[in-house]
Amino acid sequence: MGRRIAYGFLILSVTPILVGYSWLVIATFSFRTEGLLPRNAEGGIGGFTLSNWSFVTDAAIWNAMLNSFLIAVTMVIGVGVASTAGGYALSRFKFAGRKAFLTGTLVLHAFKAEMLLIAIFFVLRWLGGIPVIGSFIGFNSVGGVALVMIALELPLGIWLMKGFFDNLPWDMERAALIDGASRFRVWWQIMLPQVRPGLAALSLFTFIAGWNAYLVPFTFTIGTKVANMPVFLSQLISDTAPTNWNLVAAVGMFQMIPLIIFFIFTQELLLNIYAGGSKGT
Amino acid sequence: MRVELDSLSKAWDGVVGADNITLDIADGDLVAFLGPSGCGKTTTLLMVAGIYKPTGGTISFDGRVVNEVAPKDRGIGMVFQSYALYPHMTVFGNISYPLRLKKLDKEEIRRRVGQVADMMGIGDLLDRRIAQLSGGQQQRVSLGRALVKEPQLLLFDEPLSNLDARLRLAMRGEIKRLQNELGITSIYVTHDQIEAMTMADRIAVMSKGVLQAYDVPEALYDQPKTLFVAGFVGNPPMNFFDVEITSTNGDFHAKSEALDLLLPHDRAVKAAASAKGKVIMGVRPEDVFLVDDAAPPAADLTLTAEIEVVEPLGREDLLGVSVGDAHMRVLVKKSQGASVGDMVGFVFDLSKVQFFDPETEQSLLWA
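Chains A and B are the protein sequences, given in the same order.
FYI, this note's numbering numbers position 151 of the first sequence as 151, with every residue one higher than the one before it.
FYI, this note's numbering numbers position 261 of the second sequence as 1261, with every residue one higher than the one before it.
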């Protein structure tokens, strides 16, 4: 009986999500929909079509996908490197301003990206003026967008990795120092392998954040050259012309495909991470 | 290698970890740092290892001050209580790590790791992962990793505390044998006095960051220089009584409300000379005996008291006895059939009695 109630509650709570995704899938293959029912031009049930998916032959969407991918991967690398190095230092070293830095990052994390958009715009414009590398990290560049997103993710990343390093015994590190390793080597060869589950979780969060990023890329890019998937999607919705919602659904679906594939292959690892153990190693 | 600590101190923001530690360790000796947790023994060890920087004093190896030398350049091997193995490497990976960092060639590494692994009896485990090993095996790997670089000084930080009793006994003998055979100067940190007594050539007893005594094990037991050493070394611990020393007609008596004992002359003279009458008297549980009713000794050598507790230890019984406000532990033979509630007579072997100044807690016998 208790079991039934539990299942009943679960089914009830996931129904809205299931309905939503069902509509998404049905809509992408339909001429138009009414509720969850596909309709053809005459209003009868039916109207199966692949025309909503014709965008896959359009170079622009592949460009958007590439941009999404580049932003996400750059973020994973940037956040991973800075968080593991910073988290280790904050966990293990005593230095002036350590406490202020820790509380500072927490406070910064509380600022929403929206509040910073205008200030960041000036920073990016200035960065864009730097010779040679400016065009890679300035306004309207994939690098610039990634840089801003990395900065926004770092407080979470550093705190997360610091927590993982805090849980490691000092003795292992001392043993390595006595065995002849330098500080850097201790971090790279001994400590980093112990926090792999944490780094994997952080990389995943970061990748998803980068892949789905909308506000920052939308604000700091112009046109379609560096637009990523969410920005591309938003450009399909127009104020002045009727929106083809079935097309929007198909593009949204398309954006989800890499994530779905990724989830299928890493399900087991993810469960380990979310279960919170380092048992996965 | 000869190790000298000279006025070695460590403090963190006013909290003292080790205070003015001075001691010499002769080449090839095994010295135990013995004390309760938080006494500064591990702090001192980590300073010798180069992990902690001393806030005062010097550490010298063979006469060379090494305060500023990095841990990896000190020629030391260390074994930790937690083993501190690298879980993502195999046994071979762990033992060979110090050699790989020295960039020795592959053949040489293989040979030396094999040699050490055989010596430790883990030659067939080299391909295992650390998580697949038992605690005892892990400790062997850890010892192997410390030995493989042929250190001149071995540091042990409570290496046996995480092992079960039987294994601890076996490893104790093994470490002692290895240390003897290889002749490597060693420092062994422990809170277990039996480990310290059985393994060490000399024992440094520490308490609250201060070195209380540094001597050979027998001397610590028979001639404790402070009240702390007397109470800490020996199991079950020494009994203490607050007594007053009085002398009449050249006879010295130790008196309290419950006690009146005739003291042997040589020890009593020293106790009476340096104190203001009141002293702390110490008697080990094995130096107290049940009175033989057939041949009772003189009245001023005995004490009659009630047995409160009987703890059978197997070979012996440990009696808990109340003596006035104080409690006394007495080790008696099993056959003597003492039971709770009995009023029995005890006789003291006062030739081994200890006296301490109640204020300075220093021994009045062994200055």
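Derived from the structure by calculation, the hints contain no laboratory data.
None of these values were measured; they are calculated from a predicted model.
The C-beta atom is built at its ideal place from N, Cα and C for all residues, glycine as well.
A portion of the hints provided could be inaccurate.
Once the Cα atoms are required to be at most 27 Å apart in a straight line, the calculated BS3-like pairs of lysine-lysine come out as [stated by the list, open to error]: (1) B:Lys1276 / B:Lys1352; (2) A:Lys94 / B:Lys1072; (3) B:Lys1276 / B:Lys1225; (4) B:Lys1278 / A:Lys94; (5) B:Lys1352 / A:Lys94; (6) B:Lys1333 / B:Lys1278; (7) B:Lys1053 / B:Lys1225; (8) B:Lys1255 / B:Lys1276; (9) B:Lys1255 / B:Lys1208; (10) B:Lys1352 / B:Lys1278; (11) A:Lys99 / B:Lys1072.
So, partial list: chain A residues that the calculated Cβ filter (under 8 Å) puts toward chain B [said to hold, decoys possible]: (12) Arg39; (13) Glu42; (14) Asp166; (15) Leu168; (16) Leu177; (17) Gly180.
Here's how the hints hold up against the structure:
1. B:Lys1276 / B:Lys1352: Satisfied, since the Cα-Cα distance of roughly 22 Å is no more than 27 Å.
2. A:Lys94 / B:Lys1072: Satisfied, since the Cα-Cα distance of roughly 21 Å is no more than 27 Å.
3. B:Lys1276 / B:Lys1225: OK: Lys1276 of chain B and Lys1225 of chain B at ~19 Å, within 27 Å.
4. B:Lys1278 / A:Lys94: Status violated; Cα separation ~50 Å.
5. B:Lys1352 / A:Lys94: Roughly 52 Å separates the two Cα atoms, so the pair is violated.
6. B:Lys1333 / B:Lys1278: violated, 33 Å
7. B:Lys1053 / B:Lys1225: Not satisfied, since the Cα-Cα distance of roughly 30 Å exceeds 27 Å.
8. B:Lys1255 / B:Lys1276: holds, 14 Å
9. B:Lys1255 / B:Lys1208: Distance of about 32 Å is beyond 27 Å: violated.
10. B:Lys1352 / B:Lys1278: Satisfied, since the Cα-Cα distance of roughly 19 Å is no more than 27 Å.
11. A:Lys99 / B:Lys1072: With a Cα-Cα distance of about 30 Å, the restraint between Lys99 of chain A and Lys1072 of chain B is violated, given a limit of 27 Å.
12. Arg39: violated, 58 Å
13. Glu42: With Cβ-Cβ at 65 Å, over 8 Å, it is violated.
14. Asp166: Violated, because the Cβ-Cβ distance from Asp166 of chain A to chain B comes to roughly 16 Å (cut-off 8 Å).
15. Leu168: Check failed: Cβ of Leu168 of chain A comes no nearer than 10 Å to chain B, outside 8 Å.
16. Leu177: holds, 5 Å
17. Gly180: Holds, because the Cβ-Cβ distance from Gly180 of chain A to chain B comes to roughly 4 Å (cut-off 8 Å).
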